[in-house]
Amino acid sequence: MKQEKLNKDTYAFTFDTLEGFETSVYVIEKKERIYIVDTFCGPDAMMPIIEAFPTMNTKEVVVINTHFHWDHIWGNCAFENNKIVSHRLCKQWVKDQWKKQIVENGTYQMGNVQMVLPNITFEDRLEWDDRILLFHSPGHTTDSISVFDQETGLLIVGDNLEMPLIYVEAWDLDAYIATLKIYTSLNPKEMTASHTLHIERYCLEETIAYLEALKKGSSIIFKDVVKQKIHMSNLNNLRTSRN
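Start counting the sequence shown at 1; every next residue gets the next number (the UniProt record's numbering).
Check the hints yourself; a few may be wrong.
What the hints assert, rightly or not - When the alpha-carbon atoms are kept at most 27 Å apart in a straight line, the in silico DSSO-like pairs for lysine-lysine are as follows:
1) K59 / K99
2) K2 / K95
3) K181 / K215
4) K100 / K181
5) K8 / K189
6) K189 / K216
7) K229 / K216
What the hints assert, rightly or not - Simulated restraints, written as ranges between beta carbons of each label pair:
8) R131 / A178: 15 to 25 Å
9) R131 / K227: 33 to 43 Å
10) M47 / K5: 37 to 47 Å
11) V226 / E205: 16 to 26 Å
12) R131 / N236: 34 to 44 Å
13) M47 / A175: 17 to 27 Å
14) K59 / E127: 37 to 47 Å
The set of hints was computed from the structure by calculation and includes no laboratory data.
What you are looking at is a predicted structure, and each value in this text was computed from that prediction instead of being measured.
Every residue gets a Cβ at the ideal spot worked out from N, C-alpha and C, and that includes glycine.
Whenever a hint applies, use it, and build me the whole structure from the sequences.
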């Protein structure tokens, strides 16, 4: 695990446990609260992060699940006595998909993983007095949410942006494009994602263009082998969703 300070309040803890997918958990420490954005693959992954912030003993801890996928929620059980926040759909899908995700990806569990559901949910947006804003941002999945620190200008986008190319698993492309245009309108000072630590503005622009091309049914061929492989997976998901 690597630790990096992104700004005066925010730290990234990046794991290389998943082959080909570096995954970051973000911690934002404010005056009265500590926000933990996603909980990776289990309680053992969370222990070093908890130990790095002794102020968790005195400040309110708020855990945020950006969406329901296993590599974002399996560490919730390290925080079962804290507030865990997600979109309403995320809570439903964590419960509905729990057994399936364990069967398919259980080898990646880090520690004794137990199902701990979000205990606070919302529909559109949720904001705290320290200017942390959560908002529904459907894209990678329909339940996806994003985190915007209005004080520092940091936008955490979950899996909605990724390099070299996004994985599209929910096929409301209009909603996905609308989400990315909201990101643009926020004019963040910095963007970061779950599987790409530093997101440049050009990535946002290229992703909008890619989704627009998918929506039109344009022929897309990438010279980069990895990008082409992801693109073919996205096309397969699209065909499956339409059948």
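Taking the hints in turn, this is what the structure says about them:
{"no.": "1", "hint": "K59 / K99", "result": "violated, 33 Å"}
{"no.": "2", "hint": "K2 / K95", "result": "violated, 31 Å"}
{"no.": "3", "hint": "K181 / K215", "result": "holds, 16 Å"}
{"no.": "4", "hint": "K100 / K181", "result": "violated, 33 Å"}
{"no.": "5", "hint": "K8 / K189", "result": "holds, 13 Å"}
{"no.": "6", "hint": "K189 / K216", "result": "violated, 31 Å"}
{"no.": "7", "hint": "K229 / K216", "result": "holds, 20 Å"}
{"no.": "8", "hint": "R131 / A178: 15 to 25 Å", "result": "holds, 23 Å"}
{"no.": "9", "hint": "R131 / K227: 33 to 43 Å", "result": "holds, 36 Å"}
{"no.": "10", "hint": "M47 / K5: 37 to 47 Å", "result": "violated, 20 Å"}
{"no.": "11", "hint": "V226 / E205: 16 to 26 Å", "result": "holds, 20 Å"}
{"no.": "12", "hint": "R131 / N236: 34 to 44 Å", "result": "holds, 41 Å"}
{"no.": "13", "hint": "M47 / A175: 17 to 27 Å", "result": "violated, 37 Å"}
{"no.": "14", "hint": "K59 / E127: 37 to 47 Å", "result": "violated, 18 Å"}
In terms of the numbered hints stated before, the structure departs from hints 1, 2, 4, 6, 10, 13 and 14, listed from lowest to highest.
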